[in-house]
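Colleague: Spelled out, the chains give:
Protein chains: 2
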Amino acid sequence: MIDQRHLRVALLGAGSVGSQVASLLLQHGDELADRAGATLELVGIAVRDVDAPRDVDLPVELLTTDAEALILGADIVIELMGGIEPARGYLLEAINSGADVVTANKALLATHGPVIFDAADQVGAQVYYEASVAGAIPIIRPLRDSLAGDRVQRIMGIVNGTTNFILDKMDAEHLTLEAALAEATALGYAEADPTADIGGYDAAQKAAILAGLAFHTTVPLEAVHREGITEIDKSMIDAARKAGYVVKLLAVCERLLEAGEEAISVRVYPALVDRKHPLASVHGANNAVFVQAEAAGDLMFYGAGAGGIQTASAVLGDVVSAARRHVAGGVGVAESTRANLPILPIGHVSTRYQITLEVADQTGVLATIAGILSDGGVSVATVEQTTAAGVDGAPTARLVIGTHTAREQDLSDTVDHLAASDVVTRVASVLRVEGSN
Amino acid sequence: MIDQRHLRVALLGAGSVGSQVASLLLQHGDELADRAGATLELVGIAVRDVDAPRDVDLPVELLTTDAEALILGADIVIELMGGIEPARGYLLEAINSGADVVTANKALLATHGPVIFDAADQVGAQVYYEASVAGAIPIIRPLRDSLAGDRVQRIMGIVNGTTNFILDKMDAEHLTLEAALAEATALGYAEADPTADIGGYDAAQKAAILAGLAFHTTVPLEAVHREGITEIDKSMIDAARKAGYVVKLLAVCERLLEAGEEAISVRVYPALVDRKHPLASVHGANNAVFVQAEAAGDLMFYGAGAGGIQTASAVLGDVVSAARRHVAGGVGVAESTRANLPILPIGHVSTRYQITLEVADQTGVLATIAGILSDGGVSVATVEQTTAAGVDGAPTARLVIGTHTAREQDLSDTVDHLAASDVVTRVASVLRVEGSN
Chain F
776 MIDQRHLRVA
786 LLGAGSVGSQ
796 VASLLLQHGD
806 ELADRAGATL
816 ELVGIAVRDV
826 DAPRDVDLPV
836 ELLTTDAEAL
846 ILGADIVIEL
856 MGGIEPARGY
866 LLEAINSGAD
876 VVTANKALLA
886 THGPVIFDAA
896 DQVGAQVYYE
906 ASVAGAIPII
916 RPLRDSLAGD
926 RVQRIMGIVN
936 GTTNFILDKM
946 DAEHLTLEAA
956 LAEATALGYA
966 EADPTADIGG
976 YDAAQKAAIL
986 AGLAFHTTVP
996 LEAVHREGIT
1006 EIDKSMIDAA
1016 RKAGYVVKLL
1026 AVCERLLEAG
1036 EEAISVRVYP
1046 ALVDRKHPLA
1056 SVHGANNAVF
1066 VQAEAAGDLM
1076 FYGAGAGGIQ
1086 TASAVLGDVV
1096 SAARRHVAGG
1106 VGVAESTRAN
1116 LPILPIGHVS
1126 TRYQITLEVA
1136 DQTGVLATIA
1146 GILSDGGVSV
1156 ATVEQTTAAG
1166 VDGAPTARLV
1176 IGTHTAREQD
1186 LSDTVDHLAA
1196 SDVVTRVASV
1206 LRVEGSN
Chain G
776 MIDQRHLRVA
786 LLGAGSVGSQ
796 VASLLLQHGD
806 ELADRAGATL
816 ELVGIAVRDV
826 DAPRDVDLPV
836 ELLTTDAEAL
846 ILGADIVIEL
856 MGGIEPARGY
866 LLEAINSGAD
876 VVTANKALLA
886 THGPVIFDAA
896 DQVGAQVYYE
906 ASVAGAIPII
916 RPLRDSLAGD
926 RVQRIMGIVN
936 GTTNFILDKM
946 DAEHLTLEAA
956 LAEATALGYA
966 EADPTADIGG
976 YDAAQKAAIL
986 AGLAFHTTVP
996 LEAVHREGIT
1006 EIDKSMIDAA
1016 RKAGYVVKLL
1026 AVCERLLEAG
1036 EEAISVRVYP
1046 ALVDRKHPLA
1056 SVHGANNAVF
1066 VQAEAAGDLM
1076 FYGAGAGGIQ
1086 TASAVLGDVV
1096 SAARRHVAGG
1106 VGVAESTRAN
1116 LPILPIGHVS
1126 TRYQITLEVA
1136 DQTGVLATIA
1146 GILSDGGVSV
1156 ATVEQTTAAG
1166 VDGAPTARLV
1176 IGTHTAREQD
1186 LSDTVDHLAA
1196 SDVVTRVASV
1206 LRVEGSN
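If you're matching them up, the sequences are chains F and G in order. The first sequence begins at 776 in the working numbering and counts up by one. The second sequence begins at 776 in the working numbering and counts up by one.
FYI, nobody ran anything at the bench for these hints, they're computed from the structure. The reader is advised that the hints may include incorrect statements.
Copies of the same chain look alike in the list, so a pair counts if it works inside one copy or between any two.
Claimed, not checked - Here are the computed lysine to aspartate or glutamate pairs in the DMTMM-like style, where the Cα-Cα straight-line distance is at most 25 angstroms:
| # | residue 1 | residue 2 |
| --- | --- | --- |
| 1 | Lys1017 | Asp841 |
| 2 | Lys1017 | Glu1006 |
| 3 | Lys1051 | Asp1013 |
| 4 | Lys1017 | Glu1133 |
| 5 | Lys1017 | Asp1073 |
| 6 | Lys1051 | Glu868 |
| 7 | Lys1009 | Asp1073 |
| 8 | Lys1009 | Glu1159 |
| 9 | Lys1017 | Asp896 |
| 10 | Lys1051 | Asp1197 |
| 11 | Lys1051 | Asp832 |
| 12 | Lys1051 | Glu1110 |
| 13 | Lys1009 | Asp968 |
| 14 | Lys1017 | Glu860 |
| 15 | Lys1009 | Glu1033 |
| 16 | Lys1009 | Asp896 |
| 17 | Lys1051 | Asp1073 |
| 18 | Lys1051 | Glu1069 |
| 19 | Lys1017 | Asp809 |
| 20 | Lys1051 | Asp809 |
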């Protein structure tokens, strides 16, 4: 039997994840101590208001409003407050006082990651953040460690449960975006202000973290191209279904060549995914990360992307890892960012597209449109034309054009030309097609 | 810029995985050094015959038959020879000379794991074995680290690509076992002697490793109940399809209660899986591990389960991890086995079953059979009876009985009674149903 170390654990935040972490740590403390080779004493839980109502009963004597006092003397500090400040300041204090830190704070890591990682590197501490992306799904360690000897080519992630729930509802139950969002809110999947989710901001933060790990490059949040699902309407979902696609909000992290040199692209947008692709089967608020690596081939990681107790699982895995590291000794492992690959703007990225146009139902229209596409360097793979009565009673044709891989800038310029053309009544939608480029 | 450590890497074995490891390490050495914070010098490759033909060109000057000399002075030793001896002796020598070791050797770990882990613990070295289970799929780190703060309830793994290929072929193309095996052999998925795969021995080794990690318990290979796919015939596959199931060779690791005390069961057998279960969509030689944990809920890990370059990805991830650990300092983290849960024999396990009987087509047969089941404590969930002409021309009825959850010992005794009954012509098959007990 190894001598057990005794480690002091401070918890900052007792929201839906924090209260579960505290509860599980108190409940399974002996078991976790056996696994960690160290006893884990929860020395306190910093909260804004000691008397606030909580879902989970926590020992009152552990609650405190004095986070700074709690941090001093802790071996492991768990930050589950969310937001930038005061979380950032507390994490840096914890690191500088010699503690390892565990955080689920994707917003903080995506915006201030380098400062936090550098601080840890200076003192030999370690930052653990398995819970920051895709909740309970182990994805940080697989990218950081298991795939550290491989070259990741591409990641496609469904990393926001709220938008997946909404898009899945729209697809399965033919709901409008508003109705699906209302249901997500009623079930607690969406916040009162859903902007972070439906605007793609949350997914963009996670994309920055995943791309940083996969490509060994610091990825500033500003370099992530971001589009939300707010423009997705029922007609797009229905059209996608008819064409054998499903609309998913994807975080795409891609290694590519720009003028013969390696570069990366990191982007979040709603995209069409073939219904046979494994990501198409990810329903409800679940998450999945599909990884393509040079040697490993295709991998997929699937599970619950959010939820208090699910995310607590990832946090506690990090706590045990931090404890084991304390027992083992040595310094922390610095983040791997030396590849430092350039991050391309969205205009330089190539993908396939589906363009839906409403056009005048008259002779020569298709030739005109084909000419505009060809002049723009956009090669057509499929065309489907249907005719229906327009709003004013005059017949209107609907053209659904599937393109071969095209450069985003060319496509975007071409769509501008199409929109300006006399024969085009309306550009109904332009969606990227992801999955098997 | 951190000062780079220089680490000496010795490779034992240059088969399909080893030659890919050597090739990738030589090709991407600079990149891996950046990630590891240490240069990785491949100092030599121990082989049985320097002049043997190989798939991949390797520098002749690195090849040697003197493994022992290579091990001395190496910081990291990669063992990809397979088999028990001399691999075991070399790994222990490497550990005792202070090296970290990386191995894909499931047979060795499943049979001599404790000796190897203890030796590493004694000198503070670390054993890495991500490649030992499910090839390129990161599953060891997720179980060992990411889920270290959770309580795994159940694992269901498709961990043998050969048998999955065979069963998938039988299902999709209505082949016999022999025909599907012949195709697997022709494609290089099956060895000349396929016993290790189709007998379930390979899967049992992997089950022992997974269960050990998941339940923090040393699991001797002898404690794993093992059945292969040799008894699975075309008629069972067809009957499964008709009933909405697919037959998969599963490694099941389960936490359960025996007389109120926690225990585990580790077993490998072909089982019926609902076609809607995520594991049913795992085709060809792919692998997947489905994990249910108390807090995390359902997780799935999917990817290539074998293949030289795919497995090399996992090996190189371990090499980078070992290098980072050398740079960080400190000792290795001991395996977590203190839970030491009892491992139940198969007779104590409960699951659902599907029993297919050929019975005489006469009055009262169903009542007799229902009586035998009821007397045996086996509760019937579904019955389907069909009648066909038997071999001798007399009408024979076929009964397919789906049971509720029953204890294996009760089920087995009951099947013996059924077989001995006058009204039962033949017990055509007894298969467990796994997935949603």
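Colleague: Please write out, lowest number first, the hints stated earlier that are contradicted by the structure.
Modeller: Violated hints (numbers, rising): 1, 5, 6, 7, 9, 10, 11, 12, 14, 15, 16, 19, 20; every other hint is consistent with the structure.
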